[in-house]
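Visitor: Take the given structure of chain A and dock chain B to it, following the hints.
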Amino acid sequence: MPRFWLATFTVAPPAADEGPAAILAPASPNLAIEVLGDPGGPEYAVLLSTVDDPRHPRALTCLLGFTNAAKACNIWHDRGFPLVDARIERDKAGTIRVFSPYFGGEAPMRYDSLLLTMTGMAVESPPGAEEALETRYDQVLAAPDAAQPDLLITRRATAWTPQRSGTYRLKAADVQVDVAPSRYPSLAPLGTRPLTLAGAWSGQVVLPEDPKGANRGAVLDRVNRAAVFGPPAFRFENVEVLGFRIDLGAYGRDFGPDLDDLIRPLNFHLESTAGAEAVWDFRYRAATGTLLIELLRYGSMRLKSPSPPMGLADYQSQHELVVRLLVGRVDDDTAQAHAPAVYVPAIFVDNPWSKVVGRDLQGFDKRMANFCVRQDGREIRLLPDGRVAGGAESPPRPLGDISVIRLVEETGSLKGPAILELDCSPASYEDWDAFDRIDLGLALRGFSLVGTRWRQGDFDAAEFRRSFARSAVADSLRGFRSIQVSPVAERGLDRAWITGTFTVDEDLRIARPSGVASLIIHAARSPERAPAAPSSAAPAATGTAIPAAPRAWNLLCKMLGDGDRAQISLPTGSWYRLVCSMDLTIDDGLDWTSPGS
Amino acid sequence: MSHTVLLYGATGFSGRLIAAEGQRQDMARDSPGDRMVLAGRDGHQLEELGLRHGMEYRAFGLDDRGDVHRGLRDVDVVINAAGPFDLTAERLGKGAIDAGCHYVDINGEVDVYKRLDDLGRSAAQRGLAMVCSAGHTAAASDLLLEAALDELSPGGTAGYEGALGAVRIAMSRVLSLSRGSAETLWRSLREQVTVVHLAETERAPGKIAREPRLWHEPVGKLERTFDFRDHGLGPAAKRDLRIASATNLVDTLTARLTLARKGFAAKRIESYVETGTAGRIGYQVGTLLAPLAAIPWVRSLARQQIDFLALEPSPEELREERQIVLLEIEDPFRTPVIDWRWETPNPYQFTAQVVVAVARTTARRRTPGWRTPGEVLGVRKDQLAGGLEDFLRDCHLDARTAPGAP
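Going down the list, the sequences are from chains A and B.
Our numbering puts the first sequence at residues 30 to 626.
Our numbering puts the second sequence at residues 356 to 761.
Isolated chain B (complex conformation):
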């Protein structure tokens, strides 16, 4: 059975990469299988892009509910690649439920994720799925965590049951940012860092349980050194220690869901991004100055600086830049039981590969409700290691042996 996947925001940087991935996966107009339809506001750019990839297009904005409803007619899944997601995710998410199609996006903003997850219940009642943050953020860490927890589950190799210590996700630095990503980063400076820790929660009067709760730490407070070395290079590989700062990433939220779904309770969940010395100073200073960011002329100045950036990374930068994702899981006694390193293509390319797979799988499996990308794709450790799936091409897993693992 073939499905129609509508890509909204197709003319943006990420959107074009996703469209190209769609073409690579044979989703053009005349494909016998799943079809990709391009969409966005600018009809001329869409026409040009549609011609290039042999895909249909639909031009519509998100201001009018009727336009959105018409734009999503006969669509099985909509991929939202149109940032800033603060302005598009709720509209397209609600529009998708209204039109009866599944919703997938590549949002990387925590507040957007938290706002959108309210819709999961409505989607579930209509038999629809919503998969938020199915790009590199937070699909990469979620795929890793999904496979790692399978290893730890009673049916897996390690045999852990339930209780865990800290779960830490760390990302290597992204060197080349698109303007959209830079804007998201600028906005995140004004936010505290969301982490998860176990805390007593009163679910109903008198019913108190220890549950993973969201918590906020000041920006720059949590820093850690992670070893990014690749053991695949052999025993001679030198330690590659890098400092990373806890960052407000959606990965923390998806990890909480994945852990809960798999029956695990971690004492802490934290997400980090590698920051060099200059980056750390910038991060701290940026945080101190964050209140100023509310002033219009400061915002305007920041926007000008962002406008000086290249619109998008060059093809060379995309080709050469690799991204490393680390996953550390401790047992309740703080002994590491999972220490995995996953190398992926650059985040933009990886986003394109994964989000198309998530969208197609969502249409096929029809598992309604609020889902994480790892849950939708459900890959195992051997698939991650071997890059067995097409969407995992150019990925390399180094499942480093943890000292305390049974």
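This is chain A alone, in the form it adopts within the complex:
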């Protein structure tokens, strides 16, 4: 059974000029650190919480945490625990080290850097009687507001009571917590104020499941999104795209039901029977049988307006593997299609903060993945900025060098199933870097863009031809509307469509290398739930820590292959490279003046 180690502290009062403590509730001087770990395995979770009474803890609220169990991290989030993926190591002396991306003194984010160290954590049961310890985590579930996802967050209270057993109070020990000087995430008061250990406990723990949502409490007031996550306008620079057009028409089968299934989350409204709603007379449908698989590297992702402690210069990077479908809103009665938008049914990233924002606020069901290159006959993980992880300082590797993308099972390790193998190394193509600069004003009148994203000829269904196709093709390059549904998982909060607008800069360049590119798509499913005791880092609901790809990814594998594997060869013209910069803004559903309204 998983073990826990819980330590509580009283924190010295803040200095006069000190800002709020990020991991303490306002005006609370009491901090708790709980480490959950699988005794036989490598999975850990570290929860940094505020606590009511450090000597007799009853109510805690986790305000930040880390886990190296990738699948569990999403589940923790959907239970209201704001955990971030991190590499976590524990040595024989009991020292815990957490490595997670953060913003230090420099503008670029640091990756794979030591953020938090705890020493003096002993979990061995001391002699003496067991002590009952009943604590409750009061958490908050959050999702974007349906009408104004750019401005407001809806919230709901939730409470979790871990079942603890074999609990012993530990003797006072010399617990020491060291943190890196990070601006974001801020770990204050750790590193800024002295802590005094108030109590420490150890034992076994299980976080029970709540399949019926009985732990959920009242709906809370909406809060300003910008105050929590920063303003919802982003700037992406040095974006490189390696894109593959998958034309389902070439397979000679009817993929209509599969396409409907791929975009099923968009049609959540058809499954609701709430009495306070109008009758819905529209549905989203895939506009074409051509879907895109794109591998991206975002050189820099930054906020468009400062949000202290983050400034305009601060940026982070990431790799992304994404499936894109063009969808339209089709009226049931007139069969007219409008509002073309790009829907992403499956997406994999390597930056945990991007995952948090994308998953919690923008409806992208992001999964953590390792983007690997081969070097000296072995796979090596890349950092989000393209440099080789764990190696000496080196320039970023070309995007085309990525040969395998693996789901992350344990953050920081290469464990995890492969989901995509690519064979399109730059060395294989003479014209790999033969980029054309594109005049977006003229681009769509000629055939200079043939081979990129969607074409007029991709639209077979009558309702998507003509004006829909024209605007969709035009928008797919110069900018496009995205549509997702949030929250991704059931949180007891209303689901909503989140639309955003990507606007591409004039610096767009396109290359269509000559030659064949090969992809092998692998399905990744969680094994049947193991009867063994659950891990603690992976909450009880997970059953197993083996991660799974999103359902849509596995469905894609079934559509294009045998359900486990699909091999695709793409000739010249069916794949492309793009280099551009772009902006993303989340639409305000109550703004009738914006283009997305």
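No wet-lab data here; the hints were simulated from the structure.
The reader is advised that the hints may include incorrect statements.
[As the list claims (entries may be wrong)] To give an idea of the chain B side of the interface with chain A (calculated C-beta under 10 Å), a few residues: (1) D418; (2) D453; (3) K469; (4) R476; (5) S477; (6) A478; (7) R481; (8) G561; (9) P567; (10) R611.
Ideal Cβ positions, reconstructed from N, Cα and C, are used throughout, including at glycine.
Guide: Chain B only, in chain A's frame:
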């Protein structure tokens, strides 16, 4: 508890009638109960109207979101009486959600209704109500249907459960139109007629159910004869058969919602308006020429013709003109089970009476989401028959006995 009702479009024809109704219902500035605040673009006209009715006013346009937000501050319900609703309903509806107030309008355009109902979900999540088409269109038929379905429901007198045949709504001719109504009518000529029929719908992959779906019929295709006679005049009353054409009315959409909410599924829902011989010819010709209406000079010509109309009906016309609404409901075997005739004051006056009641009730009950006027007011058959509520004054129900009713 008193509420503030803001009337936007107060200086228009319908707006002035609503303001007068507000004054009649003691909603002036110094009222201890609900207050009406007049609003619109023209500050001078508003000032004059405010003085006449003893009401405050706010002048603001709908072009700027900030102006709308400021204009709706401290308001509990906004009534949108500013046509054309194609230009105002979405702005004021979104502005209402943004400002945290309920929204009620007197829109009569189907496409506007269908566009606006997307906002119902957002409104519900904020605990706000949206009641679209709370004027004569579609409140009159919806009030009738609400009461009629209560009669048919298991708790009611007739004992029907669920399945129904056709539901037909028919209106007598409107003789005196305001210019705004004429413009709406002109626009509707270019549209097909929206009806509802039961059809198989795939809600989710593999999940197929028979549900009421919108359907479109060509203008002029559906015509029917309805008996408009008043049985209250006694057995000697002659049959008053009039031909009516199916028309693109919001009433069809509200009827679908009301039926669904009450647990009924009708095979068809159709709305008709009485059309005389000339009207039928005009309707057909107008439809044939509808494509031409997209040509700017044709639009301009039509607008000139509309401008020749009187700005609004005269007080005499308003007083003398009565409106008749018929509601026919069949059982699944096409046997009539409801055959009701409701006589109301002229549509403009009835709109004023009802929309104020809807707005005040909405503020009081706070039932969030997309609501129909009949649902908000929830009147029973005896209330309709007796005109028991003030907003039902001068109304007369003839609940004609249907031949096949149990």
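Visitor: It remains to establish, for every hint, whether it holds in the given structure.
Guide: Results of checking the hints against the structure:
Interface hint status for D418 (chain B): upheld, as the beta-carbon distance to the closest one in chain A is roughly 9 Å, under 10 Å. For D453 (chain B), the interface hint holds, the least distance from its beta-carbon to any beta-carbon of chain A being 5 Å, beneath 10 Å. Contact between K469 (chain B) and chain A, as hinted, is supported at the beta carbon level, the nearest pair being about 7 Å apart and thus within 10 Å. Hint status for R476 (chain B) relative to chain A: holds, with the closest Cβ pair at about 6 Å, below 10 Å.
Hint status for S477 (chain B): holds, given a least beta-carbon distance of 4 Å to chain A, under 10 Å. For A478 (chain B), the interface hint holds, the least distance from its beta-carbon to any beta-carbon of chain A being 8 Å, beneath 10 Å. The beta carbon of R481 (chain B) comes within 7 Å of a beta carbon in chain A, closer than 10 Å, and the hint placing it at the interface holds. The interface hint given for G561 (chain B) holds, since its Cβ lies 8 Å from the closest Cβ of chain A, which is under the 10 Å cut-off.
The restraint placing P567 (chain B) at the interface with chain A holds, with a minimum CB-CB distance near 7 Å, inside the 10 Å limit. Proximity of R611 (chain B) to chain A holds as hinted, the smallest CB-CB distance being about 6 Å (cut-off 10 Å).
Checked against the numbered hints above, the structure breaks none of them.
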